[in-house]
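A.B. asks: Starting from the known structure of chain A, fit chain B onto it as the hints suggest.
Protein chains in written order, with my numbering: chain A, 1 to 397; chain B, 1001 to 1421.
Hints were generated in silico from the structure; no laboratory data involved. For each residue, glycine too, the CB sits at the ideal point set by N, CA and C. Be a bit skeptical, because a hint or two may be false.
Here chain A is said to cover these stretches of chain B; the calculated rule only asks that three of the stretch's residues, wherever they fall, bring their Cβ under 8 Å from a Cβ of chain A [said to hold, decoys possible]:
1) 1114 to 1121
2) 1127 to 1138
3) 1166 to 1172
4) 1195 to 1209
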Amino acid sequence: MLPAGVRWFRSKYGPTSLAALAVWACLAASAPAADAVSRALATLADVGPNGKGAAAAREASATLAALPSAELPRILPGLDTPNVLAANWCRAAYETIVARELARPKPEFPREALRDFVRDGARQGRARRLVLRLLDQLEPEFSRELVPTLLDDPEFRSDAVAHALAAGDAALAAGKANEAKATFRSAFDYARDSAQVLAAADKLQGLGETVDPVAHLGFVVDWRLLGPFDAPAYSGFERTFPPEAGVDLAAEYAGQNGKTIRWMPHRAQDRLGQLDLNSALGATREAAAYAYATVESPREQTVQLRCGADDNCTVWLNGEKVLARRQWLNGTRMDRFVVDVSLRKGANALLVKICQGPQHKDPEVPNNWSLQLRFCDAHGAGVGLETLASTAEEAKP
Amino acid sequence: MNVRRPLLTVCVLGGAALPMLLAAPLPVARGENWPGWRGPHRTGLTEDVGPPENWSSTEGVLWKADLPGEGISNPIVWEDRVIVTSSDGPRQEELHVVCLSRDGGRELWHRRLWGTAPTLYHAQKSSMASPSPVTDGQRVFAFFGTGDVFCFDMQGQLQWQRSLADEYGAFENRFAASSSPLLFGDLLILQCDHYGASYLLAIDVATGVNRWRREREDVWLSWSSPQLVPADDGRQELVLCGSERVDGFDPADGAPLWTVHGMARECVPTPVLGHGLVYAVSGPGGATCAIRPGGRGDVTHTHVEWRSELGAPFVPSAILVGDYYYLVHDKGVLTCLEARTGKQAWRKRLEGAYTASPVCAAGKIYFVNEEGSTIVIEADSRKYREVAHNEIDEPVYASPAIADGKLYLRAAKRLYCIGER
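In isolation and in its complexed conformation, chain A is listed as follows:
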């Protein structure tokens, strides 16, 4: 015979709710104490390389997994860490708690605390996205209202820009050209993803407004080029050619096949600043070339230099080698390499060596020879530098 209180509960709320209450009661009784939670989080935070702390982390994660869903806010700090190992251990507990609660007939979560966590742009983006995914199941309207406002958010910027692009399309379809233009302009201003930048630029172009993706993303496009130097087989990366000892823009050199080569101005015409050396210097193989630019910074500042090259590249800034990657046949990709660099106030000398290897054994593999380089902030926005490599008259493509 069940106790009277239990019989009353079952008669009022039914056997399913009774079972849920029983599970909740068991969990509440077995939930770890506050200091145990703190200790478990500290244990997870201590995991490290070479399997350090894994055994203790297993126990700590199990301890946290026993918490009821109401206690989720106590473990959110464990997700909000740059230590991905610690975050994963904590996530295992989080997922267990969430799955258990979602399986109940009427799941209950501390929604306001979860919403606050998602709204806080200072938290780890991956953890915010994880929690938002739960909220999407509980109250999809929260995401629909919040995400479009996060145009300057480190985690949800692209989502918000995508929303803005869609909103601009909708406005355009409704015949509201001015509203569409303002929306696309906002999308362009906040976009850092190159595809979104170009999409917004195209939309604006269609509405009669011209914007500059190259400046927006900070690509260097005005160069002086020198090459090709002869570099048999894969020797170009290791070999030192005269510009590495000092750039003399007036000098002439013996290039590949005995041809005299000299610095020549060139402006890359690609919308994303891609410099095609096959077009600029002539298609060749087993060679090396140099690109030079003077970059004017309004102040001393630390910025990101991002670049990619095919076949590989070495970058010097103010005479200091800041990047070198020996990656034959690895293809140019935007932002493949990222390095923090210090710019002086005023002129900064930028020199890049780009190698070209032999033709791939498969003749259908194109023998690309290219460079794409930009200066930007940590989020990928151009930092407003002037390039003084060439005057407008010189910079013929």
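C.D. replies: For chain B alone, kept in the frame of chain A given last:
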């Protein structure tokens, strides 16, 4: 590793075992498992009964299960479970390890984790989940292109994890890492060749701690997986292909044993073995070398039984069945060489393009193209003899698995279990 486990698992009921019981399907007798990349011997072959020769999207499919995200890792099969990995998210940093019931494809557990350092990847043909997981029946090991390694027990509880990207540098790779980990005793061995600092690593399966690590100087980007090969003295050798050579190591401590030069710059296929030889291929336009293990030092001129540049693929691994060695080129040309001599037996142009590696059971070889068509041919034949041509309506880039008369075909979005009821 003993992969043949006819079993009747007995589950003992108890309060504490309830979650485990919920995750466990009923015990079923099973044949050979498919525990990792390319099956029991990492060669694409199984001695198990063969799957059906004919099927379509609507016929012969016992079940199909939706998969999260993307991935070209092959499904692995152990007793009553099928395990698949994938990745998704804005930067492909969301990693998934999914365990399905072999009977019905019901999700038993699904673990989601964050990866450390997503790399570039091919839009269709790769993601962070290109390496296949591997299991010893007690633990499941999953390696991802983000440079992360995870160990779970068979119930999906995380046991340990490693961020190799944090420890040794992010993988620098244009198509994402795809080398599948290998089990050797109590070691999990990973070939980490990329444009950063490359290395070969052996991790203790129980603790996740390094047992040995060997720098791979003068090695660059490669997608090949390591292979174990028996040598004449009864020991096993660890064979790696990449960076214009094939290298043999002692798997116990990573000591280098021998090298054969003359491969292509970048290597994707995994070496296979038979006739006392290891067959390594790299392409396109590269060579197959049939190498006798057991050498020391540079054995390019002493231990290469034959060398051929016929039919070398870029991505699909080769398959050796009996006296014949089959290479399917990415563009669909199937080349059959005599395994003992390297002489061409026949060539045949197949339909479509190929990323998946072939598999074989019961004398039939299954070649799956990128459109989801499977050509089934007779193995060990002096002539091309097509047995069947099957279609499903979904692209396929992952290599299939075979276990207990079923073919597990991982398509772009779903896993198909093909078999007879």
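A.B. asks: The region 1195 to 1209 of chain B covered by chain A? Criterion: 3 or more residues, Cβ-Cβ distance below 8 Å.
C.D. replies: Holds: 6 residues of the region 1195 to 1209 of chain B have a Cβ under 8 Å from chain A.
A.B. asks: If you look at each residue in the region 1114 to 1121 of chain B, do at least three have a Cβ nearer than 8 Å to any Cβ of chain A?
C.D. replies: holds (count 4)
A.B. asks: Holds or violated: the region 1127 to 1138 of chain B covered by chain A, criterion of 3 or more residues with Cβ-Cβ distance under 8 Å?
C.D. replies: violated (count 0)
A.B. asks: Confirm or reject the coverage of the region 1166 to 1172 of chain B by chain A under the rule of 3 or more residues with a beta carbon closer than 8 Å to the chain's beta carbons.
C.D. replies: holds (count 3)
The structure shown violates just one earlier hint, number 2.
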